[in-house]
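Given the structure of chain A, go ahead and fit chains B and C onto it with the hints provided.
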Amino acid sequence: MRHLAEAVTISEQKKFALAIVLIEIFCVIIHGCVADYDNDTDLPDNAARYPMWQDINVMIFVGFGFLMTFLRTYQFSAVGYTFVIGAISFQLYPIWEAIWKCAFDLDSPFKIHYNTLTLMTSSFCAGAILITFGGIIGKVSCFQMAVCTFFETIGFTLNERISINMGVADIGGSMVIHTYGAVFGLILAKILIPRSAFCHKKAESNYFSDLTSFIGTIFLYMYWPSFNAGPATPGSQAQNRAYINTMLSLSASCMVAFLISLLTRSEDKKFNMIDIQNATLAGGVAMGTCANMNILPVWAILIGALAGVVSTLGFSKLQSFLESKIGLHDTCGIMNLHCMPGILGGIWGAIAASKASSRGDNAAQLLEVYPKSSLSDWSQSKQGGIQVAFLFITIGIAFGSALFTGFMMKLLGNTPTQLFEDGESYHIPRIRFEDPEEIINKIP
Amino acid sequence: MRHLAEAVTISEQKKFALAIVLIEIFCVIIHGCVADYDNDTDLPDNAARYPMWQDINVMIFVGFGFLMTFLRTYQFSAVGYTFVIGAISFQLYPIWEAIWKCAFDLDSPFKIHYNTLTLMTSSFCAGAILITFGGIIGKVSCFQMAVCTFFETIGFTLNERISINMGVADIGGSMVIHTYGAVFGLILAKILIPRSAFCHKKAESNYFSDLTSFIGTIFLYMYWPSFNAGPATPGSQAQNRAYINTMLSLSASCMVAFLISLLTRSEDKKFNMIDIQNATLAGGVAMGTCANMNILPVWAILIGALAGVVSTLGFSKLQSFLESKIGLHDTCGIMNLHCMPGILGGIWGAIAASKASSRGDNAAQLLEVYPKSSLSDWSQSKQGGIQVAFLFITIGIAFGSALFTGFMMKLLGNTPTQLFEDGESYHIPRIRFEDPEEIINKIP
Amino acid sequence: MRHLAEAVTISEQKKFALAIVLIEIFCVIIHGCVADYDNDTDLPDNAARYPMWQDINVMIFVGFGFLMTFLRTYQFSAVGYTFVIGAISFQLYPIWEAIWKCAFDLDSPFKIHYNTLTLMTSSFCAGAILITFGGIIGKVSCFQMAVCTFFETIGFTLNERISINMGVADIGGSMVIHTYGAVFGLILAKILIPRSAFCHKKAESNYFSDLTSFIGTIFLYMYWPSFNAGPATPGSQAQNRAYINTMLSLSASCMVAFLISLLTRSEDKKFNMIDIQNATLAGGVAMGTCANMNILPVWAILIGALAGVVSTLGFSKLQSFLESKIGLHDTCGIMNLHCMPGILGGIWGAIAASKASSRGDNAAQLLEVYPKSSLSDWSQSKQGGIQVAFLFITIGIAFGSALFTGFMMKLLGNTPTQLFEDGESYHIPRIRFEDPEEIINKIP
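Those sequence lines, one after another, are chains A, B and C.
Be aware that the first sequence starts at 1, since it is given in my numbering, and climbs by one per residue.
Be aware that the second sequence starts at 1, since it is given in my numbering, and climbs by one per residue.
Be aware that the third sequence starts at 1, since it is given in my numbering, and climbs by one per residue.
Here chain A stands alone, though its shape is the one from the complex (with noise of 0.2 Å):
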């Protein structure tokens, strides 16, 4: 039997090894064929657009990546896979992304033009992968992840590209990012993840892994406002709106984040880390879509907070409820910090589209938030229906290419022998405290 479950271990590592080598010829072909510096760029917008990426790239490798170390005895998967699953969609999205361009305009050369607002979209289809990460993470193999990056990548371009297409105004992904990458994971989650990872004894944190989770909070909740003003015109007023908004929405939810898990967590009263790690941040993912309009301060500290006693509940209440009523075992609460603010997030921003001149913003202010606007037969109303319409496509899309990818991961991969357990697939030192009782257990 054992000897049996090894076989299974090492054959998965064999076929990650495989699809590494595949998914990286293929990139090598397309890029040698279509591949190029943006030489059209607008040189001085390029480089102002650099800083931020840079921070949305520390979201991503230092935010998402750490934010998951809190698994104690996963904490080198958490970072590792977080690592490499990075580093492929960047290479895959400006493909599939190229490849959806062509598929919706035939006119339209297949070409791939890297320039900074590139490697910033890659990083936003990373963070959606890595978002669904978080609802199965210790719970799939190295390999199932590079089947999911895969497909997740091509799902997330074709409902990006459709959000382009319809002029909807998402610039810092709630819907596009947070609400696609949740409800893939969470979907994930439901079909994959057997019943002995429910109530597992190594799904938890320990003292250091939760202050290393603490580092991927924090570089989260600095550089969200870089997160959701990055595509913004460099410089512009609707830029600058998103930094106002999204710092005020994170500070709300930061605030009622800690407030409510005091008077939620029913056993001791206390701050849950769990809380305090993840619903401060729901005011920044609420805050995805409308974060550049015009919605006047006061009420981004009020979405922000609203998110923030949603998202705390949710770890506080939902979570366990889901568990065992529903039987789906989200390992890193994405239902609480990504689903239900990403898809808040789209309502609000349907609403505040559906009001968006009154506040007298001028015809270019309109335009760089709504890339329709120009239209004459554009109006407020007709772009809060946009806004309605895509959250519903995002969600079909979401579900539908995450029953595929789960289908595939399953018929093509299989379950980890341990769950939650670095030692599956890295190398561990001699020396991991992990366990005191391991110790404590030999004394006589």
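Hint data in this document are derived by calculation from the structure and do not stem from the laboratory.
Careful, some of the hints might be misleading.
Note that the list lumps identical chains together, so a pair holds whenever it fits in one copy or between two copies.
[As the list claims (entries may be wrong)] Keeping only pairs whose Cα atoms sit at most 20 Å apart, straight-line, the calculated DMTMM-like set for lysine to aspartate or glutamate is:
#1 Lys355 <-> Glu368
#2 Lys410 <-> Asp361
#3 Lys14 <-> Glu24
#4 Lys410 <-> Asp40
#5 Lys269 <-> Glu421
#6 Lys14 <-> Asp268
#7 Lys355 <-> Asp36
#8 Lys101 <-> Asp268
#9 Lys270 <-> Glu421
#10 Lys270 <-> Glu204
#11 Lys15 <-> Glu267
#12 Lys355 <-> Glu421
Frame of chain A; chains B and C shown alone:
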């Protein structure tokens, strides 16, 4: 007795929850009435300030937060309270800033106009409060910190408004931020801290917590040039000088801190991590007033080196003296890192200002540093006098506002039952390593 | 015997203190005589370089510092010495740079004019020294590192000055930084390191130190595009290419390092954290010379992938071979991460340069990359020859200056009594977890 203690503890958490609710309602009402985006901001300058604000933001949340994690059983609280205090001050600062502006100039409308400079000065305000926190961390309840945050933002903004009206040059806040925050914290430490805190066995580091604390040190060190150059006009020569002076000053204080640590830690003639974590940064504090002045690079090195000497001697000699003789328990040594170098910085600023134009700055360059230099009766020596006067004003306002705040903290709140212990307010994971002696004690 | 050992230890610390005093006096005198702010700098360019310098600075202090914390009982030293070595080189670099500039052009005045480019090149110099440090960390005393820093800055600036005079294209320093620093460090490792270091039981990681090391990896990875694009003219197409090429190269070396780690770590067919922490970065090193050249994105991917293969094979196979057969103990594997990928980078740079204009760069774009391309007798093939010649010059100067420096380190200093042990020079907190076996051994 134990029951009573627990009752008190719970009560502090409830009071904290109430405080958060009241502060958030207050912030929402004021923001709803008077806050808007700054539609008249110079957008290119506004965008140019953004990356520097982000650097400063990292200093606040990662720098201060992790620097204080050296307390081996108070790491959650160090980063958690830093987080929520920072969030609160982001909403409170703009309110009080706008109120004092109105109060000092009754013709000026009561308006909050958000731009990146607002975010930057909010971060500075959070910095001052976190310096204060450094003096009392581990020894006050979460509710007491909320009370402190509320009142200290009032005093901070008053002092800052006076500095603006007086035309004080204090770009990186040797006086406004470091001296104010540190004097405030030392007063609170003196009047609030019980004898039981002295020589407390948990007020110490372990190997792991010393390393996480160093994460804070190094981010503070790296981004300090942004702290001292942030408010300067983007692209000005004064900004260039602020980068250079701060970096040189820091490199000198870093070298000197290693040197003096070796020479004065009499017990073992080895580097002491307390000095390395803290005194290395004294050059940044001491350069806070004169960073943008035309002082010549060599003076930046000399000022940094002297600040490093003073600060390291403070940690290795003065701190235990203050604790045993004056009864002042200063957890993080804010006397040594912020108070003394801050006052030195204020004095050096006064000296440099009184010799301002001697190196041939033209009128525009002078105006960038000294906002009143365009007035006909302005002179260098007058500016020097203003700087000295404001140093005393800062200490006076810090003294007065801290006495009042300390009184309120004592009246409304209670000292924690367990000092330097996360378990007081945070849910602690089952596995914790703070004391292998616990395991050793179990060995028969 | 034990008494003698302690006497030696103390003596190294005293010599370190003396070295710091002498270096600081030297720096103050030279700065006092010749240093000023660069009043003629192009201020917008200067400000535009600042965020990229900050990224590079993070790579130096967080990246290199934390990467080396994998040594489980040498973490304080890894971050501490990185810190002080960085600080020293910030003051020494501008001095030697100015001296060599004068020496090579006697008409040029001996002046240090500080701007952000000075800070950036100082960071690069610190980078080279820290690469060297990676080869000898844990095996030399603090005083020996100070000696090394002093002499290596001289050799580094000489080599850099030659590269400028020759018109070498080496924007991210595959040759000037990585090859120079690595060859220097390998020579020192060969001539200084005692046999007792080989297979030392403390020259290894634990679970915690592997994770803190990964903090270094990830910050190096994220900010490497700034490292390779930093010296480019802000907003130029060459800068855009440098971002893109570096990011693509890194993502390829990351994927390949995971792949080869799995295939070549024969013992368990699992990912090895040493490869993940280091070889993933080889793409950044290898792109150091040709990052800003018009090489096409697909070549960036291919170069990164090849560098990843070479580097991972270096870690998994070559390193133990060198240790056992050649007697070369290379603590961090600088042969694999810096020397081989750096030399490859130099070679690829030469090849790319010899084909420079073939993709239609205009004269201005060529001049941005090749400073001598405006000369009438310049040709692509000539540039290729210059590049190859300089690669040999770099290795030669590194060889010679390292031999001299190693001789001085041996003459003046002493090998530490305890290798890979913080307790040698740092005060260690009472609680330390490096070896639970100590506890287990106490169990009767």
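#### Entry: Intra- versus inter-copy proximity for Glu421 and Lys270 (alpha-carbon distance at most 20 Å)
between (29 Å within a copy, 13 Å between copies)
### Message
Please sort Lys101 with Asp268 into within, between, both or neither, judging by C-alpha distance up to 20 Å.
### Response
Neither, since 53 Å and 44 Å both go past 20 Å.
#### Entry: Up to 20 Å CA-CA - Glu421 versus Lys269, copy category
between (31 Å within a copy, 16 Å between copies)
#### Entry: Up to 20 Å CA-CA - Glu267 versus Lys15, copy category
Classified as between: cross-chain Cα gap 18 Å, same-chain 45 Å, threshold 20 Å.
#### Entry: Copy assignment of Lys355 with Asp36, given that the CA separation must stay at most 20 Å
between (41 Å within a copy, 17 Å between copies)
### Message
If the cut is 20 Å between Cα atoms, do Lys355 and Glu368 qualify within a copy, between copies, both or neither?
### Response
Classified as within: same-chain Cα gap 16 Å, cross-chain 42 Å, threshold 20 Å.
### Task
Since the copies are identical, ignore which copy is meant and state whether Lys410 and Asp361 lie within 20 Å (CA to CA) inside a copy, between copies, both or neither.
neither (51 Å within a copy, 50 Å between copies)
### Query
For Lys14 vs Asp268, is the C-alpha pair at or below 20 Å within one copy, between two copies, both, or neither?
between (47 Å within a copy, 12 Å between copies)
### Query
How do Lys270 and Glu204 come out at 20 Å by Cα distance, when the copy is not named: within, between, both, or neither?
within (18 Å within a copy, 24 Å between copies)
### Query
At most 20 Å between C-alpha atoms: does Lys355 with Glu421 qualify within a copy, between copies, both, or neither?
Neither: 50 Å inside a copy, 50 Å across copies.
### Message
Checking an output row: Lys410 and Asp40, CA cutoff 20 Å. Within, between, both or neither?
### Response
Intra 44 Å, inter 57 Å, cutoff 20 Å: neither.
### Message
At most 20 Å between CA atoms: does that hold for Lys14 and Glu24 within a copy, between copies, both, or neither?
### Response
This pair counts as within: shortest intra-copy Cα distance 15 Å, inter-copy 54 Å.
Hint compliance for this structure: hints 2, 4, 8 and 12 are broken, all remaining hints hold.
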